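Residue numbers (my numbering): -18 to 150.
I should point out that these hints are in silico values taken from the structure, not numbers from a laboratory.
Treat the hints loosely; a few may be bogus.
What the hints assert, rightly or not - In the EDC-like style, the derived pairs of lysine to aspartate or glutamate whose C-alpha atoms are separated by at most 20 Å in a straight line are: (1) K(-1) - E30; (2) K103 - E8; (3) K95 - D5; (4) K18 - D6; (5) K9 - E32; (6) K(-7) - E85; (7) K75 - E99; (8) K3 - E49; (9) K14 - E32; (10) K(-1) - E32; (11) K(-4) - E85.
Since the structure is predicted, the reported quantities are computational estimates derived from the model, not experimental observations.
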Amino acid sequence: MVEFKLAIGDPKEKKTWKLEVKEDDAEKFIGLKIGDKFNGELINITGYELEITGGSNKAGFPMRSDIEGQGRRKILATKGLGFNAKRKGQRKRKSIMGNTISQETSQINCKVIKYGSEPLSKSLAPAPEAPTEGAENEAPKEAPKEPVKEEKPAEESKKEEKPAEEKKE
């Protein structure tokens, strides 16, 4: 029951595509590390090659490339992922994940390094939803359009009211 969310970054288009990888394809990612390259055919994108740049586990802890292994560790960070020092020499204990993808990983970040023949927007675009049963015969209902009422400017309405008042006096 391993499922991943892939965040695929496209440096040319400056866009990120989100894709869910189900059980069968997800097991192929277990054991890969940050920096490893994989063929796009694993996720049904022919002709593309992608590189793993990071990820996070189910609890939201980020993966860090300089920590070996699969589990979560507490490190004393001086700089790097998830820590900005406020003053010189500052250190902080941080929980992070190792650089290897495991069953605890929930998201994998990767970027395109080799492009295929068709653009990613066509390959990863969501398929149009199929109509549900019983809805096949129904035509889509549109909300009735209300007629637009034209309002007179305030000056014109004042001019019209004044002669009416004069007649009454």
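Practice problem: Against the structure, test the hints numbered earlier, and report the numbers of the ones violated in rising order. | Solution: As far as the earlier hints go, 2, 3, 6, 7, 8 and 11 are violated by this structure, in ascending order.
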